[in-house]
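There are 2 protein chains.
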Amino acid sequence: MNYCNQCGGPVQLRQPAGDDRPRHVCNRCGAIHYQNPKLVAGAIVEWDGKLLLCRRAIEPRYGTWTIPAGYMENGETVAECARREAREEAGADLAAMAPYALLDLPFIGQVYFIFRAGLAAPDVQPGAESLEVRFFDPAEIPWSELSFAVVRQVLRSYCADRPHGIYPFRQLAVPHEEGEGQDWQCGGHPAG
Amino acid sequence: MNYCNQCGGPVQLRQPAGDDRPRHVCNRCGAIHYQNPKLVAGAIVEWDGKLLLCRRAIEPRYGTWTIPAGYMENGETVAECARREAREEAGADLAAMAPYALLDLPFIGQVYFIFRAGLAAPDVQPGAESLEVRFFDPAEIPWSELSFAVVRQVLRSYCADRPHGIYPFRQLAVPHEEGEGQDWQCGGHPAG
Numbered sequence: 001m002n003y004c005n006q007c008g009g010p011v012q013l014r015q016p017a018g019d020d021r022p023r024h025v026c027n028r029c030g031a032i033h034y035q036n037p038k039l040v041a042g043a044i045v046e047w048d049g050k051l052l053l054c055r056r057a058i059e060p061r062y063g064t065w066t067i068p069a070g071y072m073e074n075g076e077t078v079a080e081c082a083r084r085e086a087r088e089e090a091g092a093d094l095a096a097m098a099p100y101a102l103l104d105l106p107f108i109g110q111v112y113f114i115f116r117a118g119l120a121a122p123d124v125q126p127g128a129e130s131l132e133v134r135f136f137d138p139a140e141i142p143w144s145e146l147s148f149a150v151v152r153q154v155l156r157s158y159c160a161d162r163p164h165g166i167y168p169f170r171q172l173a174v175p176h177e178e179g180e181g182q183d184w185q186c187g188g189h190p191a192g
Numbered sequence: 001m002n003y004c005n006q007c008g009g010p011v012q013l014r015q016p017a018g019d020d021r022p023r024h025v026c027n028r029c030g031a032i033h034y035q036n037p038k039l040v041a042g043a044i045v046e047w048d049g050k051l052l053l054c055r056r057a058i059e060p061r062y063g064t065w066t067i068p069a070g071y072m073e074n075g076e077t078v079a080e081c082a083r084r085e086a087r088e089e090a091g092a093d094l095a096a097m098a099p100y101a102l103l104d105l106p107f108i109g110q111v112y113f114i115f116r117a118g119l120a121a122p123d124v125q126p127g128a129e130s131l132e133v134r135f136f137d138p139a140e141i142p143w144s145e146l147s148f149a150v151v152r153q154v155l156r157s158y159c160a161d162r163p164h165g166i167y168p169f170r171q172l173a174v175p176h177e178e179g180e181g182q183d184w185q186c187g188g189h190p191a192g
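In order, the protein sequences belong to chains A and B.
Counting in our numbering, the first sequence runs from 1 upward without gaps.
Counting in our numbering, the second sequence runs from 1 upward without gaps.
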């Protein structure tokens with residue numbers, strides 16, 4: 001951040017009075033520009049005992065498999081975001097959503113909130129950001145071809161809970177894998 | 001938003017190719033400036049059957065009672081944020097934290113994630129943003145003097161769960177009360 005988005009003046013990193021950390025402060029108008037983590041909402045979608053995955057048609061991690069998920073927009077709820085992403089990426093109409101997991105990625109300033117969900121109907125089709133969408137038997141999940149550590153982590157947890165048929169809300173740690181942060185930072189804000 | 005924070009050029013609201021909504025786009029360098037909801041983390045803190053509340057020493061809603069909570073910072077987890085806020089606002093050292101509730105405030109672009117927690121020790125003291133901190137018997141919560149609808153909502157839910165001793169993860173709707181959004185917008189980013 002180099003300039004104030006309000007007045008166009010130059011910003012400087014300094015600690016405002018009463019604050020405990022440096023912020024981007026405008027030298028001209030004094031506006032303080034806070035930077036906060038971004039929320040990503042998504043869903044583990046199960047239909048007829050199988051899980052819905054999307055093969056990414058966008059960078060980062062083009063061609064790998066992921067669950068439908070994406071950045072929250074202003075004006076929507078976390079559940080509405082997960083529903084929109086499932087519709088956009090997989091043409092899927094989510095039903096019976098329940099909160100499932102919170103995953104922190106402090107190294108890239110992201111928080112994932114994941115629902116588990118069913119479908120209103122089994123009709124799915126790849127959206128603009130997906131090469132293909134498919135239902136996988138839990139035993140056939142392509143673990144080594146998943147897009148991100150956060151996806152592996154939450155699917156692992158879900159598959160471990162699944163045989164018991166009980167899904168307590170999970171707070172999961174995500175390992176900071178080599179290169180993962182870089183990928184995301186390069187990727188910026190994936191459309192959708 | 002009037003100017004690009006990267007190059008200082010003027011920004012314009014328009015829909016980037018492949019996007020589905022208008023964004024602030026820089027006329028000079030082309031940077032797209034996304035705006036996303038902010039995450040607030042906090043905790044309902046119980047000690048010896050009583051709940052910890054803080055009386056706000058800052059606007060908005062100076063003088064009203066609230067639970068310790070505040071905006072997440074980059075580089076921390078949601079739980080770390082809740083712990084930091086409890087320390088800053090109430091001098092409280094949280095222990096035994098468990099996820100409790102998600103609350104959406106789409107009308108002001110905020111998402112609250114609330115833990116329930118105990119204390120490592122019953123020592124509390126008002127921080128710079130609190131006039132006083134006190135433990136309230138659930139029957140004595142000052143409902144009409146709470147700071148925000150979101151605080152009322154999550155405390156109501158907690159007090160309803162409490163007699164059963166079971167706290168399923170809650171996804172709660174928050175009514176958009178008269179003036180609430182304005183207050184928050186005016187309040188901007190409360191320090192802490």
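Take the hints with a grain of salt, since some may be wrong.
Each pair may be met inside one copy or between any two copies, as identical chains are not told apart.
[Unchecked claim] Pairs of lysine to any residue residues, derived as SDA-like cross-links and limited to a Cα-Cα distance of at most 25 Å, are as follows:
#1 Lys-38 / Arg-84
#2 Lys-50 / Asp-20
#3 Lys-50 / Glu-140
#4 Lys-38 / Glu-73
#5 Lys-50 / Gln-6
#6 Lys-50 / Arg-23
Hints listed in this document are in silico derivations from the structure and should not be mistaken for laboratory results.
How the hints compare with the structure:
| no. | hint | result |
| --- | --- | --- |
| 1 | Lys-38 / Arg-84 | both (17 Å within a copy, 19 Å between copies) |
| 2 | Lys-50 / Asp-20 | neither (48 Å within a copy, 30 Å between copies) |
| 3 | Lys-50 / Glu-140 | within (10 Å within a copy, 49 Å between copies) |
| 4 | Lys-38 / Glu-73 | both (10 Å within a copy, 10 Å between copies) |
| 5 | Lys-50 / Gln-6 | neither (49 Å within a copy, 45 Å between copies) |
| 6 | Lys-50 / Arg-23 | neither (47 Å within a copy, 37 Å between copies) |
Going through the hint list in order, the structure does not satisfy hints 2, 5, 6.
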